[in-house]
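Peer 1: Residue strings, one per chain:
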Amino acid sequence: MSIELDSPRTAARTGRLAPRGLTSRQAIADRTFRAALVGATLLFVAIIVGLFVELVRGSWESIVAFGPAFLWSSEWNPVTNHFGALPFIFGTVVSSAIAIVVAGVVGIAAAVFLAEFAPPRIARPISFFIELLAAVPSVVFGLWGLFVLAPFLGSIVDPFLQRYFGFLPIFQGTIYGIGLLAAGLLLALMIVPTVAAIARDLIVAVPNELREASMSLGATRWETATRVVLPAARAGIVGACVLALGRALGETIAVTMVIGNRPAISGSLFAPAYTLSSVIANEFTEATSSIYLSALLELGLILFLISIVVNGAARVMMWSMLKAQGRRP
Amino acid sequence: MQQTIVVAKNESRPTTDVALSARSVSAWYGSKLAIRDITLDFRRHSITALMGPSGCGKTTFLRCLNRLHESALGAKTSGEVLLDGMDIYDPDVNPVVTRRRIGMVFQRPNPFPTMSILENVTSGPRYTSMATQPRELMEMAETALRRAALFDEVKDKLHAPALSLSGGQQQRLCIARALAVKPEVLLMDEPTSALDPLSTLKIEELMEALAAEFTVVIVTHNLQQAARVSHYAAFMLGDEHRVGSVVEYDATQQIFTHPKDKRTEDYITGRFG
Amino acid sequence: MIAGARLAGSRRASGVAGVVLTGFCSALAAGLLIMLLGYVTVQGFGALNPAFITHLPHPVGIPDGGIANGIVGTIIIVGIAVLIAVPVGVLTGLYLAIYGRGIAAELVRFMAEVLSGVPSIAIGLFAYTVFVKPFAHFSAFSASFAFAVLMLPLMIRTSEEAIRGVPTAIREGALALGLPDYGGVLHVVLPAARPLIVTGVLLAIARVTGETAPLLFTAFGSQFWELNPANPMAVLALQIFTYAISPYDEWHRQAWGGALLLILAVLVLNIGARMALSGRTKKS
Numbered sequence: 001m002s003i004e005l006d007s008p009r010t011a012a013r014t015g016r017l018a019p020r021g022l023t024s025r026q027a028i029a030d031r032t033f034r035a036a037l038v039g040a041t042l043l044f045v046a047i048i049v050g051l052f053v054e055l056v057r058g059s060w061e062s063i064v065a066f067g068p069a070f071l072w073s074s075e076w077n078p079v080t081n082h083f084g085a086l087p088f089i090f091g092t093v094v095s096s097a098i099a100i101v102v103a104g105v106v107g108i109a110a111a112v113f114l115a116e117f118a119p120p121r122i123a124r125p126i127s128f129f130i131e132l133l134a135a136v137p138s139v140v141f142g143l144w145g146l147f148v149l150a151p152f153l154g155s156i157v158d159p160f161l162q163r164y165f166g167f168l169p170i171f172q173g174t175i176y177g178i179g180l181l182a183a184g185l186l187l188a189l190m191i192v193p194t195v196a197a198i199a200r201d202l203i204v205a206v207p208n209e210l211r212e213a214s215m216s217l218g219a220t221r222w223e224t225a226t227r228v229v230l231p232a233a234r235a236g237i238v239g240a241c242v243l244a245l246g247r248a249l250g251e252t253i254a255v256t257m258v259i260g261n262r263p264a265i266s267g268s269l270f271a272p273a274y275t276l277s278s279v280i281a282n283e284f285t286e287a288t289s290s291i292y293l294s295a296l297l298e299l300g301l302i303l304f305l306i307s308i309v310v311n312g313a314a315r316v317m318m319w320s321m322l323k324a325q326g327r328r329p
Numbered sequence: 001m002q003q004t005i006v007v008a009k010n011e012s013r014p015t016t017d018v019a020l021s022a023r024s025v026s027a028w029y030g031s032k033l034a035i036r037d038i039t040l041d042f043r044r045h046s047i048t049a050l051m052g053p054s055g056c057g058k059t060t061f062l063r064c065l066n067r068l069h070e071s072a073l074g075a076k077t078s079g080e081v082l083l084d085g086m087d088i089y090d091p092d093v094n095p096v097v098t099r100r101r102i103g104m105v106f107q108r109p110n111p112f113p114t115m116s117i118l119e120n121v122t123s124g125p126r127y128t129s130m131a132t133q134p135r136e137l138m139e140m141a142e143t144a145l146r147r148a149a150l151f152d153e154v155k156d157k158l159h160a161p162a163l164s165l166s167g168g169q170q171q172r173l174c175i176a177r178a179l180a181v182k183p184e185v186l187l188m189d190e191p192t193s194a195l196d197p198l199s200t201l202k203i204e205e206l207m208e209a210l211a212a213e214f215t216v217v218i219v220t221h222n223l224q225q226a227a228r229v230s231h232y233a234a235f236m237l238g239d240e241h242r243v244g245s246v247v248e249y250d251a252t253q254q255i256f257t258h259p260k261d262k263r264t265e266d267y268i269t270g271r272f273g
Numbered sequence: 001m002i003a004g005a006r007l008a009g010s011r012r013a014s015g016v017a018g019v020v021l022t023g024f025c026s027a028l029a030a031g032l033l034i035m036l037l038g039y040v041t042v043q044g045f046g047a048l049n050p051a052f053i054t055h056l057p058h059p060v061g062i063p064d065g066g067i068a069n070g071i072v073g074t075i076i077i078v079g080i081a082v083l084i085a086v087p088v089g090v091l092t093g094l095y096l097a098i099y100g101r102g103i104a105a106e107l108v109r110f111m112a113e114v115l116s117g118v119p120s121i122a123i124g125l126f127a128y129t130v131f132v133k134p135f136a137h138f139s140a141f142s143a144s145f146a147f148a149v150l151m152l153p154l155m156i157r158t159s160e161e162a163i164r165g166v167p168t169a170i171r172e173g174a175l176a177l178g179l180p181d182y183g184g185v186l187h188v189v190l191p192a193a194r195p196l197i198v199t200g201v202l203l204a205i206a207r208v209t210g211e212t213a214p215l216l217f218t219a220f221g222s223q224f225w226e227l228n229p230a231n232p233m234a235v236l237a238l239q240i241f242t243y244a245i246s247p248y249d250e251w252h253r254q255a256w257g258g259a260l261l262l263i264l265a266v267l268v269l270n271i272g273a274r275m276a277l278s279g280r281t282k283k284s
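Chains as they are written, first to last, in my numbering: chain A, 1 to 329; chain B, 1 to 273; chain C, 1 to 284.
Simulated from the structure, these hints should not be mistaken for laboratory data.
Hints may contain errors.
Listed next, the stretches of chain B that the computed footprint assigns to chain C, with coverage defined by at least 3 CB atoms under 8 Å from CB atoms of chain C [what the hints assert, rightly or not]:
| hint | segment |
| --- | --- |
| 1 | 63-77 |
| 2 | 141-150 |
| 3 | 176-187 |
Cut-off 25 Å, straight-line C-alpha distance, at most; resulting in silico cross-link-like pairs (SDA-like, lysine to any residue) [claimed, not checked]:
| hint | chain 1 | residue 1 | chain 2 | residue 2 |
| --- | --- | --- | --- | --- |
| 4 | B | Lys202 | C | Ile170 |
| 5 | B | Lys76 | C | Ile103 |
| 6 | A | Lys323 | C | Glu250 |
| 7 | A | Lys323 | C | Tyr182 |
| 8 | C | Lys133 | A | Gly312 |
| 9 | B | Lys76 | C | Arg164 |
| 10 | C | Lys133 | A | Ile63 |
| 11 | B | Lys76 | B | Val243 |
| 12 | B | Lys76 | C | Ser116 |
| 13 | B | Lys182 | C | Ser116 |
| 14 | C | Lys133 | A | Val148 |
| 15 | A | Lys323 | C | Ile103 |
| 16 | C | Lys133 | A | Arg34 |
| 17 | B | Lys32 | C | Met111 |
| 18 | C | Lys133 | A | Pro78 |
| 19 | B | Lys76 | C | Ile75 |
| 20 | A | Lys323 | C | Ala13 |
| 21 | A | Lys323 | C | Ile170 |
| 22 | C | Lys133 | A | Val56 |
| 23 | B | Lys76 | C | Tyr182 |
| 24 | A | Lys323 | C | Gly102 |
| 25 | A | Lys323 | C | Ser116 |
| 26 | C | Lys133 | A | Gly84 |
| 27 | C | Lys133 | A | Ser289 |
| 28 | A | Lys323 | C | Gly100 |
| 29 | B | Lys182 | C | Tyr182 |
| 30 | B | Lys32 | C | Glu161 |
| 31 | C | Lys133 | A | Tyr292 |
| 32 | C | Lys133 | A | Leu43 |
| 33 | A | Lys323 | C | Ala105 |
| 34 | C | Lys133 | A | Ala65 |
| 35 | B | Lys157 | C | Ile103 |
| 36 | C | Lys133 | A | Val228 |
| 37 | C | Lys133 | A | Gly50 |
| 38 | A | Lys323 | C | Arg157 |
| 39 | B | Lys76 | A | Arg34 |
| 40 | A | Lys323 | B | Lys202 |
For each residue, glycine too, the CB sits at the ideal point set by N, CA and C.
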């Protein structure tokens, strides 16, 4: 009589008549309860499957019309109904890349400080504030980015960069304040809590024996942190960064408010650009033809697939690190 | 050196009426065999003690008697357990019903944390639809609490949270809760091992009264308790593979004065375990 | 003096530099938040007055416009989303907690993980194709649906953990009493898991309240009072966005005011949920 579930339900499972002794009302209630659980779960599964199916269905017209060339065409013309995804893929990738580089450095550094050096009196409030950053709504970030960050960049930072590093193509061109750099930095601020919080947990979880072994060899605390502890948590931290990257890729409203919303590919960080999510946000309600709508939906499908791949990669990385350490994910 | 033990003052009950009977019960955790081929009779209105060193499988066997063992992941049982002649492992018998007729009290008191004292005691009758009228439930609760020797202590605070009671009181509450569903057999898994001596004494005192209404099977690692409290005793032992089985089973008085097996004698006289 | 008793200067210096740099990064991250909150408070405070909270939006140039319909709309839309997401999420979490080991259960968990990473705008698109396009009508309900889908992964994960967290002794106590399955779970396990589940609901609400992207083509926004979920409705986050990208200073001012309200709501929910969580764990 082996049961593989947490509570035995042999008789009901064999589908026989109402088991002896249970009132029929109880047996019905039991069956209803079980049905409710399974039903809710099936509903959830249906929603997920439906999400994918609807995105594909909606993009079908565009997929058929433009084929794979959609991915590398940079023409986006609602008048002639020619659409291509390249400028948006470019904008999404570049802004997110800036974000993850900046947030990765700052976030990991903060995590090391909070986990290894900060006394609890300092570590607790700082951790609290950084985690609170994760709760701020996207539109508020966008507002701040539009009225504070972009002007600051436009009047101080960008000119500075252009003056001293203007030989690099990325710092050339007209300065607007808003643009790729603004979007990248704003995204960095938004994903820094993700990186910092996960990295901090991973670092704290590194066994103390490693630290003690290093210190007993005569290494300083800094050397221990950078040469022993951090490498031990490396795979997981990389996974955390990939996870944060996934968030940046999907971010819509804050980016829309500071990126300039121009479907152009440029070599300069100061130039306005456009991301997959922003163009959907801006143009969806103005899409006049069905091919226009379908193209936008195809962009949404691309975004959806990218996010699945990136998030999946992140989970796999973190899972494999935990397995290598012999812990259950 | 012979250890002095308080000999049971109960004589073995003359009744030959068997309430619960285990036949060749074996149990596994996954692929690991835990107990093998246990055959025991539990006479009606008696207290039977299952004793033995830790790891001998006595708790595992107890949990097979109310079909609780199989609720753990990967756990299996084989054999028969006859309640009034009917095998509770028969596929047509619902374990849920069985567990109402064979009640259990656990080692650590486990009152339902979100409920009051009264709600805890009446939870069984309420949720198994035995009774619905408040007055009926109140009467059942009072009877059960009296049987568990707890009523006088809680009668003025029946709506207080169950967790506000002391450890010993919580355990008696759990006994009352188990009694409220009117079982025929009461299984007790080391019911006093987590309690202080005074609470232990109170619970031991109420066991004799319990035996008048129910059939009690108690697992204990405390020899003195087994001797004090039980009419019959079974001594269990694990072999070199840690598989438990029954070594000897007899009236308590017999087993403590004239054990038939040397291993029993060693255990009782404290030479090991 | 013992040779080598002092640490080489360069090693000591790099250690100090390291601590300073990493400390600076922490301070930067935390400081930026404080600065941001401070800025929103300062800018938004001026816009907060009774008229702001009770009036409908006014056309540009006419003073004393407000965002009252956005506040009401947010409550309605989030409320309906909760009514959808909590039952489905908790029941699915129950399913996973009870039938935890099968490959079907692992698949469901994986799907919940996947869903938690999907951008909110893609979910908005889904809500559009299912609830807006077929009826050719924007509606608050479609926004609620999008919000519910956003809340589901959090609800499922929280519920499963909460139910698994109930001690085995309690579950076995219910089993041993002969409670039927649904009885034991409904009357004993769920109440014991309730605090954690409620925390999860609060956090999920905090998460969706700040979402804007899906609203753009589901609720769509409105200038008027609207209580019917089948119609387009104003939502606070959406109003903030619309005002922010407009060219009018007056509307920018109101955007800050709305942002202050929104942040207050989200922070209160978050801090409340965390306090409830730590309070519970201390009690048990």
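Peer 1: Sort out whether isoleucine 170(C) lies within 25 Å of lysine 202(B), counting only the CA atoms.
Peer 2: Measuring from Cα to Cα gives roughly 24 Å; hence the hint holds.
Peer 1: When you check the alpha-carbon spacing of lysine 133(C) and glycine 312(A), does it fall within 25 Å?
Peer 2: Not satisfied, since the Cα-Cα distance of roughly 31 Å exceeds 25 Å.
Peer 1: Given the hint that lysine 323(A) pairs with glutamate 250(C), test it: the Cα-Cα distance must not exceed 25 Å.
Peer 2: Cα-Cα ~56 Å, so violated.
Peer 1: Against the 25 Å threshold, does the CA-CA distance of lysine 133(C) and tyrosine 292(A) hold or violate the hint?
Peer 2: holds, 15 Å
Peer 1: Could you grab the alpha-carbon distance between lysine 323(A) and lysine 202(B) and see if it respects the 25 Å cut-off?
Peer 2: Violated - the C-alpha atoms of lysine 202(B) and lysine 323(A) are around 51 Å apart, more than 25 Å.
Peer 1: Quick one, are lysine 76(B) and isoleucine 103(C) close enough, alpha carbons at most 25 Å?
Peer 2: holds, 21 Å
Peer 1: Compare the distance between the alpha carbons of lysine 323(A) and isoleucine 103(C) with 25 Å, and conclude whether the hinted pair is satisfied.
Peer 2: holds, 19 Å
Peer 1: If you draw a straight line from the CA of lysine 323(A) to the CA of arginine 157(C), is it 25 Å or shorter?
Peer 2: holds, 21 Å
Peer 1: Three or more residues of the segment 141-150 of chain B near chain C by CB distance under 8 Å?
Peer 2: violated (count 0)
Peer 1: Lysine 323(A) and alanine 13(C) were given as a pair; does the straight-line alpha-carbon distance stay at or below 25 Å?
Peer 2: Roughly 37 Å separates the two Cα atoms, so the pair is violated.
Peer 1: Lysine 133(C) and leucine 43(A): Cα distance at most 25 Å?
Peer 2: Within the cut-off at roughly 21 Å; holds.
Peer 1: When you check the alpha-carbon spacing of lysine 323(A) and tyrosine 182(C), does it fall within 25 Å?
Peer 2: violated, 36 Å
Checked against the numbered hints given earlier, this structure breaks hints 2, 6, 7, 8, 12, 13, 14, 16, 17, 19, 20, 21, 30, 35, 36, 40; the rest are met.
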